[in-house]
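A.B. asks: Each chain, written out:
There are 2 protein chains.
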Amino acid sequence: MLVHSVRFIRTMAKRQLLLLSSSRVHGCEYLEFAENDICELLQKSKVSKILFIPYALKDMDDYLRTVEKPFRKWGYKVESIHNSNPLEAVNSAEAIFVGGGNTFRLLKTLYDLNLIDPIKKRIEAGIPYIGSSAGTNVATIGINTTNDMPIVYPPSFKALNLVPFNINPHYIDAFPDSTHMGETREQRIEQYFEEEECYPVLGLREGSMLYVQGNTAVLKGISGAKLFKKNCEPEEFKVDSDLSCLLK
Amino acid sequence: MLVHSVRFIRTMAKRQLLLLSSSRVHGCEYLEFAENDICELLQKSKVSKILFIPYALKDMDDYLRTVEKPFRKWGYKVESIHNSNPLEAVNSAEAIFVGGGNTFRLLKTLYDLNLIDPIKKRIEAGIPYIGSSAGTNVATIGINTTNDMPIVYPPSFKALNLVPFNINPHYIDAFPDSTHMGETREQRIEQYFEEEECYPVLGLREGSMLYVQGNTAVLKGISGAKLFKKNCEPEEFKVDSDLSCLLK
Numbered sequence: 001m002l003v004h005s006v007r008f009i010r011t012m013a014k015r016q017l018l019l020l021s022s023s024r025v026h027g028c029e030y031l032e033f034a035e036n037d038i039c040e041l042l043q044k045s046k047v048s049k050i051l052f053i054p055y056a057l058k059d060m061d062d063y064l065r066t067v068e069k070p071f072r073k074w075g076y077k078v079e080s081i082h083n084s085n086p087l088e089a090v091n092s093a094e095a096i097f098v099g100g101g102n103t104f105r106l107l108k109t110l111y112d113l114n115l116i117d118p119i120k121k122r123i124e125a126g127i128p129y130i131g132s133s134a135g136t137n138v139a140t141i142g143i144n145t146t147n148d149m150p151i152v153y154p155p156s157f158k159a160l161n162l163v164p165f166n167i168n169p170h171y172i173d174a175f176p177d178s179t180h181m182g183e184t185r186e187q188r189i190e191q192y193f194e195e196e197e198c199y200p201v202l203g204l205r206e207g208s209m210l211y212v213q214g215n216t217a218v219l220k221g222i223s224g225a226k227l228f229k230k231n232c233e234p235e236e237f238k239v240d241s242d243l244s245c246l247l248k
Numbered sequence: 001m002l003v004h005s006v007r008f009i010r011t012m013a014k015r016q017l018l019l020l021s022s023s024r025v026h027g028c029e030y031l032e033f034a035e036n037d038i039c040e041l042l043q044k045s046k047v048s049k050i051l052f053i054p055y056a057l058k059d060m061d062d063y064l065r066t067v068e069k070p071f072r073k074w075g076y077k078v079e080s081i082h083n084s085n086p087l088e089a090v091n092s093a094e095a096i097f098v099g100g101g102n103t104f105r106l107l108k109t110l111y112d113l114n115l116i117d118p119i120k121k122r123i124e125a126g127i128p129y130i131g132s133s134a135g136t137n138v139a140t141i142g143i144n145t146t147n148d149m150p151i152v153y154p155p156s157f158k159a160l161n162l163v164p165f166n167i168n169p170h171y172i173d174a175f176p177d178s179t180h181m182g183e184t185r186e187q188r189i190e191q192y193f194e195e196e197e198c199y200p201v202l203g204l205r206e207g208s209m210l211y212v213q214g215n216t217a218v219l220k221g222i223s224g225a226k227l228f229k230k231n232c233e234p235e236e237f238k239v240d241s242d243l244s245c246l247l248k
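Those protein sequence lines, which keep their order, are chains A and B. Taking the numbering used here, the leading residue of the first sequence gets 1, the next gets one more, and so forth. Taking the numbering used here, the leading residue of the second sequence gets 1, the next gets one more, and so forth.
Keep in mind that the hints are not guaranteed to be accurate.
25 Å max Cα-Cα, derived BS3-like pairs, lysine-lysine [said to hold, decoys possible]:
hint	chain 1	residue 1	chain 2	residue 2
1	A	K230	B	K44
2	A	K229	B	K230
3	A	K226	B	K108
4	A	K73	A	K44
5	A	K121	A	K77
6	B	K248	B	K121
7	B	K73	B	K121
8	B	K120	B	K46
9	B	K120	B	K44
10	A	K230	A	K14
11	A	K229	B	K58
12	A	K58	B	K230
13	A	K108	B	K46
14	B	K238	B	K248
15	A	K58	B	K158
16	B	K77	B	K121
17	B	K248	A	K230
18	B	K226	A	K58
19	A	K158	B	K238
20	B	K69	B	K58
21	A	K44	A	K58
22	B	K46	A	K58
23	A	K120	A	K73
24	A	K158	B	K120
25	B	K69	B	K46
26	B	K158	A	K108
27	A	K77	A	K158
28	B	K230	A	K108
29	B	K158	A	K158
30	A	K120	A	K46
31	A	K108	B	K229
32	B	K44	B	K14
No lab work stands behind these hints, which were simulated from the structure alone.
Next up, chain A with everything else stripped away, as it sits in the complex:
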């Protein structure tokens, strides 16, 4: 386990990840709340063109139009993987943006097209990875804490493993006056910890994102996050909190 951790930390020393809870926040345009952090990351790596991975939604042409809008405004070209040879597109990508939608569909497509290892290799080489919602889920160790419906059956729930924990995007607290009897988000996450194989879960509230740079991680955005660990009380983190401990 220790050997694995040391190797993991070494191969991931150059990673640059911006993992958004969601692309939309109430009252803002698409990706608007994250503009500064996205642009800073892309500028730092001298990126001019972004490879967009739209597999989480069905209408990928329409999805591309949505995504192009903010990136164009900020001075970046966007090329979608569904208009290219997927493997070549990944291998030559300067930066990758993986959009939200259905996590099962996204992960299954990445497996079907044999893109898991090629994407990992690009991230290990240091190109920026920006993920939103489902695109954040697949960046983590597994999709076990997605909120999505299992509309298709992927060959595994294991994901890109760019970080050694899980994320729950769109994290939301229980409504105290709710009469709905379905499990709350927190109860669902607690069920995950009852299983033998489980990892910490970072509940990212809408408007929050995790910025991972090598072996440091900081919470960014306009809202906070809640960290869940097996047999521990959940812990609240505010914007700008250092979460590098999660990478160890």
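For chain A, the structure is supplied; the task is to place chain B on it using the hints.
C.D. replies: The following block gives chain B in isolation, referenced to the frame of chain A:
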């Protein structure tokens, strides 16, 4: 397809299913809202003892205590499968109650213990099946429209296939004033219909249940349901609606 349907209808001619959206409804005790329908079904089949399947929750002893309470009050003994040889318990069951919890955990356990076919055979032979929430999900053709988190990886999303459609338990309408940007329940179900392999989805509101007797199906309980089909407008159904069309 037609041959399959005819065979399916014939083998399921004796099925008796009571598929509850949830076991708890705001303001009621556990299973209280369904007392009349549960007791009527069990009396009709001269059942004295129920086999409880608690695999959807971790603490099965505690779960058994919860479930025993109402059934004892109504005059029925409850035996839990986790205290018996599972296969023998299924093969000799007079009636089965499958409780809610995590659908992935429940389905995986049924596969791991090789109980899928034995349970189907008992239902084909005519013993009553009562399911709640996750227990309702696994009774259908597949678990693709569960609300639960994929905390464990089952060998398939295909389920008991006691009915040839899907159910979404705890169905809830979108809150018009919500600022949350995650998909609504309806949007999640619509994503399912974008996939090639998909079946109708009955959204059972909490407090509603589907009573299936051979080739007839009626909506029961204290609330309604919403039926979703590919390329169709969703359709509302009130309590007592005939939904036998779903079985064809």
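A.B. asks: Confirm or reject each hint.
C.D. replies: A quick look at each hint next to the structure:
1. The straight-line distance between the Cα atoms of K230 of chain A and K44 of chain B is roughly 46 Å, outside the 25 Å bound, and the hint therefore fails.
2. For the suggested pair K229 of chain A and K230 of chain B, the alpha carbons sit about 40 Å apart, so the restraint of at most 25 Å is broken.
3. Simply put, K226 of chain A and K108 of chain B have alpha-carbon atoms about 29 Å apart, too far for the 25 Å limit, and the pair is violated.
4. The suggested pairing of K73 of chain A with K44 of chain A holds, with an alpha-carbon distance near 18 Å, which does not exceed 25 Å.
5. For the suggested pair K121 of chain A and K77 of chain A, the alpha carbons sit about 22 Å apart, so the restraint of at most 25 Å is met.
6. Proximity of K248 of chain B to K121 of chain B is assessed by CA-CA distance (about 20 Å); at most 25 Å being required, the pair is judged to hold.
7. For the proposed pair K73 of chain B and K121 of chain B, the alpha carbon gap of about 29 Å is over 25 Å, so the pair is violated.
8. The straight-line distance between the Cα atoms of K120 of chain B and K46 of chain B is roughly 20 Å, inside the 25 Å bound, and the hint therefore holds.
9. For the given pair, K120 of chain B sits about 20 Å from K44 of chain B by alpha-carbon distance, which is consistent with the 25 Å threshold.
10. Taken as a hint, the K230 of chain A and K14 of chain A pair is broken in the structure, with Cα atoms around 29 Å apart against an allowance of 25 Å.
11. Between K229 of chain A and K58 of chain B, the direct Cα distance comes to roughly 17 Å. Compliance with the 25 Å bound is thereby established for this hinted pair.
12. Of the pairs offered as hints, the one joining K58 of chain A and K230 of chain B holds, with about 14 Å between alpha carbons and a cut-off of 25 Å not exceeded.
13. For the hint pairing K108 of chain A with K46 of chain B, the CA-to-CA distance comes to about 47 Å; that exceeds 25 Å, so the pair is violated.
14. With a CA separation close to 20 Å, the supplied pair K238 of chain B and K248 of chain B stays within the 25 Å bound.
15. As the CA atoms of K58 of chain A and K158 of chain B are separated by approximately 22 Å, the hinted pair is consistent with the 25 Å bound.
16. For the given pair, K77 of chain B sits about 22 Å from K121 of chain B by alpha-carbon distance, which is consistent with the 25 Å threshold.
17. For a cut-off of 25 Å, the pair hint linking K248 of chain B to K230 of chain A is broken: about 46 Å separates their Cα positions.
18. Between K226 of chain B and K58 of chain A, the direct Cα distance comes to roughly 24 Å. Compliance with the 25 Å bound is thereby established for this hinted pair.
19. For a cut-off of 25 Å, the pair hint linking K158 of chain A to K238 of chain B is broken: about 41 Å separates their Cα positions.
20. Straight-line distance between C-alpha atoms of K69 of chain B and K58 of chain B comes to about 19 Å, which keeps the hinted pair within the 25 Å bound.
21. Distance check on the hinted pair: K44 of chain A and K58 of chain A sit about 32 Å apart at the alpha-carbon level, beyond 25 Å; violated.
22. About 50 Å separates the Cα atoms of K46 of chain B and K58 of chain A, which puts this hinted pair outside 25 Å; it is violated.
23. With a CA separation close to 29 Å, the supplied pair K120 of chain A and K73 of chain A exceeds the 25 Å bound.
24. For the given pair, K158 of chain A sits about 31 Å from K120 of chain B by alpha-carbon distance, which is inconsistent with the 25 Å threshold.
25. Distance restraint check for K69 of chain B and K46 of chain B: the Cα-Cα separation of roughly 20 Å lies within the 25 Å cut-off, and the hinted pair is therefore satisfied.
26. For a cut-off of 25 Å, the pair hint linking K158 of chain B to K108 of chain A stands: about 16 Å separates their Cα positions.
27. Taken as a hint, the K77 of chain A and K158 of chain A pair is broken in the structure, with Cα atoms around 31 Å apart against an allowance of 25 Å.
28. Between K230 of chain B and K108 of chain A the alpha-carbon distance is near 22 Å, which keeps this suggested pair within the 25 Å criterion.
29. Distance hint between K158 of chain B and K158 of chain A is fulfilled; the C-alpha atoms sit about 20 Å from each other, no more than 25 Å.
30. At roughly 20 Å between alpha-carbon atoms, K120 of chain A and K46 of chain A fall within 25 Å of each other, so this suggested pair holds.
31. At most 25 Å may separate the alpha-carbon atoms for a hinted pair to count; K108 of chain A and K229 of chain B meet this at roughly 24 Å.
32. As the CA atoms of K44 of chain B and K14 of chain B are separated by approximately 13 Å, the hinted pair is consistent with the 25 Å bound.
In summary, the structure is inconsistent with hints 1, 2, 3, 7, 10, 13, 17, 19, 21, 22, 23, 24 and 27 from the numbered list given earlier, while agreeing with the others.
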